[in-house]
Structure formats: structure tokens, C-alpha cells
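Undergrad: Listed below, chain by chain, are the residues.
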Amino acid sequence: MMSHQRRTVSAIAALLAVGVLAAACASADPNAGNESTAASFTPQPQDTNAKITVWTDSTRLASVQAYQKANPGVQMDVVTYDGSADGSTYLQTKVQLFDRTGSGWPDVVFAAPTDVTWASQPTSPSAQAFAAPVDQGLVPADTLKNFAAGSLAPCQFNGHTYCLRNDIAQVVLWYNKSLLDQFGYTVPTTWEEYQALGEKVAKEHPGYLVGAIGDTNSHESYFWSAQCPAQQLTGPTELRSNLQDQHCTKMASLLDGLIKAGSVTTQGFFGQGFAKDYGSKVLMAVGPSWYGQYLFNSAFKTPAGQIAAAAPLKWQGESQAHTGNVGGGVWMISSHSKNLKAATALSSWLTTSDDNLASAPTYPAYSPGAKAWLANPANKDYFATDVSTVFQQAANEVWTGWGNTKFSDATAWSSVVLPAVTAGKTLTATLPAWQNEIASEAKSVGYTVTTQ
Amino acid sequence: MTALDTPIVAAPARRTAVRRAREGGVSGPLFVSGYVILLLAFGVLPTLYAVFLAFTNARGQFTGLNQFLRVFQDFRFWPSFGDILVYLVFWLLLIVILTVGVAVVLRSRMPAPLSAAIRFLYYIPGALAGVASVLVWLFMLDPSVSPVNWLLKGLGFDTFAQVLAPGHLSLVFALIAFWTGAGGWIVVMYGALNNIPQEVLEAARMDGAGPWRMALHIQIPMIRKWIVYMAILAFAAGTQLFVEPQLLQTASLGRVSPTWSPNQLAYVYAFQHGDFNGAAAISLVLLVIGLLGAGLLVTRSGLFKVDEQ
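Here the protein sequences come in this chain order: A and B.
So for the first sequence, our numbering puts the first residue at 38; every next one is plus one.
So for the second sequence, our numbering puts the first residue at 305; every next one is plus one.
Since the hints were made in silico from the structure, they are not lab data.
Incorrect hints may have been included.
Stated by the list, open to error - The calculated lysine-lysine pairs, modelled on DSSO-like cross-linking and capped at a C-alpha distance of 27 Å, are:
1. Lys-378/A <-> Lys-106/A
2. Lys-609/B <-> Lys-529/B
3. Lys-457/B <-> Lys-297/A
4. Lys-237/A <-> Lys-287/A
5. Lys-131/A <-> Lys-240/A
6. Lys-318/A <-> Lys-529/B
7. Lys-240/A <-> Lys-297/A
8. Lys-313/A <-> Lys-443/A
9. Lys-462/A <-> Lys-529/B
10. Lys-131/A <-> Lys-214/A
11. Lys-131/A <-> Lys-417/A
12. Lys-313/A <-> Lys-457/B
Using the sequences provided together with the hints, build the complete structure.
TA: As C-alpha cells, this is what we get:
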């Protein structure tokens, strides 16, 4: 009896203690009081002979090595890493640790646009934002003006530019011209025509595909191009996500219809075994400018002279065409660099010089460089028709309503939408779950979310 | 654990060892000092640092339980613990029932050379590091490359994505863990069974006990402490699951949630949100669960009771 009472008393005491602990303490919100706008930064003591460390992905390695060869006087330590591809957070992880230890940052890095969202802000109250604002005395404004329309948008925060865009991945309509001619079809110019053609292909040539939605970035090809406000930044920390907007529902039901008909697959172009089993059955693909070389040429091994690109599709009745963007890297300069001069010179050469860009692996974001790239026959030989006008047009039509957010847009799509679709649910039925995941993710990193 | 030798520890020897240690001298403390220093540096101090982080915020202010309340409200917190709970049920059932069962069969129903060969075979997967074993399973589970794709297709799985449906993941991870971990434990359980004096088994046989009764009423009760020990370690390792879902997340092109297990959620907190305090709170929750589980098993089974006569 006695011990029972004592237990009750101590339980109440413990509850009270918890209440006091929880109530009378400092906020645990990591975003509270952290809104410093790091427009200016404190550079390290500079040494124009200091060695610079460069982190690049393997695709851009050759360019960095070419710079090293042309400038033997610059001391460089070149490190290859995953380049933040496929939502990797290696760079972010490392910078978090460098910020805590106070050393180790690379001077120049190749990264994904998502990385700029965290690199442009301090990772903790005592840290300095990793990326240096390049418009603060590093790169002339005239140079920045020459990047393709909107291509520097992912670099811009609080009115400053924190990176140089390496390449853009504007979405176009890829098609196999030989097959299309053989089947006697014409190239669609609107989504409605694309849908009609998909249904026709399913009936007349079953087995052939006009698209695939199972890749980690398929939503950027379809829903971004459709101007679906899945993640629209309406302010620095305000996000609008409305997947019941008619642009989203129209695209979802279009794809649902074609999936049911069989001419759009729920597998991914880059999935295991896809190239072997279905590579030669791809009649059409809505996808980024690098699909030409990296999907059709390298993965599917489609012979040269068959593949062509057409302008981005638009909705019937809409005058202005908009398109999506799938990737495209950026170069950032570290604000901790001891040799900003050499770091800036390298970044500028990589992103703006014709020497480098004419033979760059992907479509340059810097407009004069893009002209040089298109003038290089090696970049166009593979295609059945000249892709220049299509690429240039699409580069300036990338819809700016798809925000570059602090969280990767691939997570919700790949881990919520794709498993549901694989299990047989329709995209239309999955839209609420998708929106819910985007909203939850956004809130967890500090955005205020509206769903209207 | 790495040696194939089956440990045979006779009960009397253990008792004298206990007594000698109690009698004192500096050799004992000296022997453990090397380990204790490493344990302090890489085990205890980081834990204390995590405790400090979990009760403060990024500016070093004391936050009480607010960090915990905040992570409890995270939309990924409860699902990740749900995932790990289902996984633990599969994994503990598999490891306890199957390893003990297999060890009993190997010990009692098999000629010695064959039993030794099979024990060796069971052990091989355990020699692969966690990463390598996940790679093996990536091949096994992908119908387009699997050597047993007829089985996968027979079960209705035509693509890798179908195999990795969210509902299957707990079972998939339990299978991977069992495949890598069971061999070592079978060897340990076999060693434990070797400890049972031959006379006891003889006596049981004379009394007419068949293999079933012998296993259920003599062998398994006599190695109960070993089973508890295995359960504690398996439980602790299970709650900390990280490598397998993390690798599968990348290899499946993101089909697996990056916050499938609580440890992954802590990782995302620390290295993507830069929120080391929230990450520390999650790992403390895991620590408490691990300690509670171990405490329950230890006290209920009398694992560390030294029987004095």
C-alpha cells in the first residue's frame, strides 16, 4: 500500500519535471533566429600562389585536367567525387563536417542546383555560408548577364548569385525519326497530340513506347513541363504545392491513359535491364537535352542518324510553350578559399570560355558558349536532324515555377509515387499522397506551405 | 566470433576465474585498461556528447526535452520506428528459432565431419562485410539478373521495383541480416550445445527421451543464456539498421525511402538538415530502447548471475 502511494507520488513528480523541462527552455527549432543574410563574407587571408582543391564529377574531370594542362603555374589538387548526382548528399555531408572542424573545404566544386540552397546559407550560427557570392567582386555582372534566361535562378538567394551554372538540361521531345517515318506518324506539337499518338501506337504497334515514368527524375520531364505547381517558391521560405491544379491533374490523367494503353511504361529508362529489353522499342521520349548522347547513344546504342529532337510540347490553347529541366550542374566557389583569384579564374573558364564549352559533354548554360557548342559538329553528328534551334528555343522556355528547394524533389516522387504506381495505382489517385509528402518534407526544413 | 573454434567453457573453470579476479592485484585492471581507454574515447565520450547535444540547441542553450518533442512530431519519426519494429519481429524470430534449431540438428542428428562441413558453409556469408552482402542480394532480388529469377517470377515479381514494394522491405532486410548473421550464431550455439555434459544427455536417453523432448526440455533450456545473449546483440544491431536500407536506397534509384530506419533519419537530420541536436535526440531514443530491451532480457533470464554453490 505504502509503496503504491510512493510510486504514484514519484510518477506525478516525474511528469511535473518533464513539463517544466519542456516549457521553460530555449527553443529547439534549428531555424529560429538563423535568418542571417550572408551577402558579404569574410574572406580568408589571400595567397595568389596557394594550391586550390577542386572537386569534380567524372564527366567534368577532363575539362578540369585541360585547364591544369593549359595553366601549369596554377597549383591544383583535383578530386573526383559523385558530383551530387541522383540526390547524393556527399558534398553536403562533408561540408557539414568541415564547418564543425573548421578546415578541409574544397576551393571549387561541381554540384547539383539543390546544393546551392544549403550552401548559400550558414549551416550553423557560428559557420559562414560555404558558397561565396560570385556577384560580389568575383565575376563581372556583364558575364552573369550572358547566361541563358532563368538558368541562374537556382543560384540566386536574397538577391545574390552563389554559383555559376555549368549546363542546362532543358526538356525536349525526343523521337526515333526512322521508326516514326516507317510507321507513317507525324511529330506531335501539343500534349493532346502526344496523347492521341500514344494511343495509336498502343493499338497499331503494341510494344513500342512513347515514354517512361519510372526514373527518379521523370516527374521533372512531365510535371515540370506541364507547369504543375508541385513546389513553387512564392517567397524565400514560402512554398506552394497544389497537385490538384488542373495542369497536374491533366498530366496525371494523360499518363494514366497511356500507361493503361501500354505505350508509356512505369519502368525507368535507366532501370536495370531496360536498355537490353526495350531500348530498341523506344519510339519517343520526353526528356532533357542530354538524353540524346547519354540515353540513346550510350545506353540504348541506337545507331547514328535515327534520333531527332522536337520542340517542347504545349497544352492546346496555350500560346506560350514551357518546358522542364532535368539536372544540369553548377560550379561553386568556397567562401573559405585562400586563393579566390585562382578559384574564380578556373570557375569562369569552365563555365564561360568557348575553349572549354565547344566540346563540353552537355549543353552549356552560358549562351555564347552554347553557340560554340552547337557549332561543333561532334555535338550534332549523331542526330538525324539539326537539334540547334530546338535546343536553343527550349533553353529559354524552362518554366520558372518549379522551385529549387532545400529538399530534393526526387525523394517524394521515387519513394512515394513510383512504388504506388508500380503496385498498380493510378497517378491521379496518388497525387494527394505525393502532395502530402512534398508538404511534409518542406515543413521539416522550415518552409511555410500553402496548398491552394 | 571470427574463429571457427567452438568455445568450450567448463563451468568450474569459470568460477575460479571469477574468484581470482576478486582477489585483486593490478594485472586485471592493467589487462582491461587498453580497451577501457578506447571505450572511453570512442564509445562513452561520444555518447555523452550526444546526450549534451540532445538537450541543447545549435546555439548551445539548454532546451530540456524540446528536441525530443520536436523529433517525435517529425512526419518520418513514427513510420521509421514502425518499419524497424516489423523488421525486428521478423529478424529475431528467424534468428532465434532457426539458428537454435539448426544447431541442435547439427549437434545431435548428424555425423561429425558432415556437421563440421555444413557449419563452415553456413559461416561463409558472415565473412562478407555488410556492404558486400547487400550487393549479393541486389543481384539475387533483381528479376532481370537473378540466378533464381524463375522463383521471383513465379511469385509474381517481374521487375526489381516490384520486389522492393514498401511492404516487402522489412522482410527483405531480415533475410539479408539472417543470411549474413546466422552462420556465426549457429557456430556459437553449436559450441554452447557442446557444453552440455554427455552424462545428462545419456541419462535423458535412458529415460526414453526422443530427439524432440531432448531438444525442448534439455538442450535448449541448458543453453538459454546463450540464446538470451544472442537476442540482446541481435536486438541492438537490429534497431541500428543503416547500411542495408541506405545502400538499397541508392541502388534502387530511390525506391526505398531515405528515412526508412530511425538511424537513417538521424543521418538525414545531421548531414542534410545540419541539425546535429535533433540527430542526437533520435540516437538517444535508440539508445534507451536498446538499454531497455537488454535490461529486460538480462534481468528476466539471470544472464549475469554467477551461480555460487
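Undergrad: Against this structure, judge whether each hint is valid.
TA: A quick look at each hint next to the structure:
1. Simply put, Lys-378/A and Lys-106/A have alpha-carbon atoms about 18 Å apart, close enough for the 27 Å limit, and the pair holds.
2. Only pairs whose Cα atoms come within 27 Å are accepted, and Lys-609/B paired with Lys-529/B is accepted, the gap being roughly 10 Å.
3. Note on Lys-457/B and Lys-297/A: the hinted pairing holds, with a Cα-Cα distance of about 22 Å set against a maximum of 27 Å.
4. The straight-line distance between the Cα atoms of Lys-237/A and Lys-287/A is roughly 19 Å, inside the 27 Å bound, and the hint therefore holds.
5. This hinted pair does not check out: Lys-131/A and Lys-240/A have alpha carbons roughly 52 Å apart, beyond 27 Å.
6. This hinted pair does not check out: Lys-318/A and Lys-529/B have alpha carbons roughly 61 Å apart, beyond 27 Å.
7. Proximity of Lys-240/A to Lys-297/A is assessed by CA-CA distance (about 12 Å); at most 27 Å being required, the pair is judged to hold.
8. A hinted pair counts as satisfied when its Cα atoms are at most 27 Å apart, and Lys-313/A with Lys-443/A does not qualify at roughly 36 Å.
9. Of the pairs offered as hints, the one joining Lys-462/A and Lys-529/B is violated, with about 49 Å between alpha carbons and a cut-off of 27 Å exceeded.
10. Only pairs whose Cα atoms come within 27 Å are accepted, and Lys-131/A paired with Lys-214/A is rejected, the gap being roughly 45 Å.
11. Distance restraint check for Lys-131/A and Lys-417/A: the Cα-Cα separation of roughly 38 Å exceeds the 27 Å cut-off, and the hinted pair is therefore not satisfied.
12. Among the hinted pairs, Lys-313/A with Lys-457/B is consistent with the structure: their alpha-carbon atoms are about 18 Å apart, no more than 27 Å.
Going through the hint list in order, the structure does not satisfy hints 5, 6, 8, 9, 10 and 11.
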